[in-house]
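Whatever position you read off the sequence shown (first residue = 1), add 15 for the working numbering.
None of these hints come from the bench; they were simulated from the model.
In this text the structure is predicted, and so the values were computed from the model without any measurement.
Glycine included, every Cβ here is placed at the ideal spot set by N, Cα and C.
Among the hints, erroneous ones may be present.
Below, simulated BS3-like cross-link-like pairs (lysine-lysine); rule was C-alpha separation at most 25 Å, straight line [to be verified]:
1. 54 to 138
2. 143 to 86
3. 46 to 59
4. 28 to 59
If you anchor each label on the Cβ, the simulated ranges turn out as follows [said to hold, decoys possible]:
5. 24 to 57: 29 to 37 Å
6. 139 to 102: 17 to 25 Å
7. 51 to 73: 54 to 62 Å
8. 46 to 137: 38 to 46 Å
9. 141 to 21: 36 to 44 Å
10. 83 to 60: 20 to 28 Å
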Amino acid sequence: MHRTVLEKGWSNKPDFVALWVYLLLQASHEKRECFWNGKSIVLKPGQFISGRSKMAAATGIHRSKLERILKCFESEQQIEQQTSTTSRLISITNYLKHQNVEQRSEQIVSSKRAASEQRVSTKQELKKERSNIKTRDESRAQKFVDFVNQTFVPKIHLGF
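Model the full structure from these sequences, guided by the hints.
Right under this line is the structure:
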């Protein structure tokens, strides 16, 4: 999610946040064909089809309140809606901004660069860490054996 959500006046209202997250999660992330309102359409990234009852059931928000929240999102130009008698096509405006695609691309590039720069020292550190883990595991195993011996072995000798 993009941090601009925190700038919204409704960011401290749980039902608004829950519905916004639901909308983002339901939105198609790539073009796909579907049937809506008697014809085939191609959903673009950021669009999906749902009904008020389905959204209310999924989010736990009463249908009338859900409708008010959707109208608020629409008036703030966060979504656009096209309604039919049974469902609605919801389009999240600036969908890719909310997905933070640009930032993820930069993170991937910078993490690849950092990984290649650290490879040499990482091999040596990995050897050292494996040795430490082996020592810790041996110590834990020995502690467990000691615990079992102290707890159960004397009882066995006494006939418990």
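Now the hints, each set against the structure:
no.: 1; hint: 54 to 138; in the structure: violated, 58 Å
no.: 2; hint: 143 to 86; in the structure: violated, 59 Å
no.: 3; hint: 46 to 59; in the structure: holds, 5 Å
no.: 4; hint: 28 to 59; in the structure: violated, 29 Å
no.: 5; hint: 24 to 57: 29 to 37 Å; in the structure: holds, 34 Å
no.: 6; hint: 139 to 102: 17 to 25 Å; in the structure: violated, 60 Å
no.: 7; hint: 51 to 73: 54 to 62 Å; in the structure: violated, 19 Å
no.: 8; hint: 46 to 137: 38 to 46 Å; in the structure: holds, 40 Å
no.: 9; hint: 141 to 21: 36 to 44 Å; in the structure: holds, 39 Å
no.: 10; hint: 83 to 60: 20 to 28 Å; in the structure: holds, 27 Å
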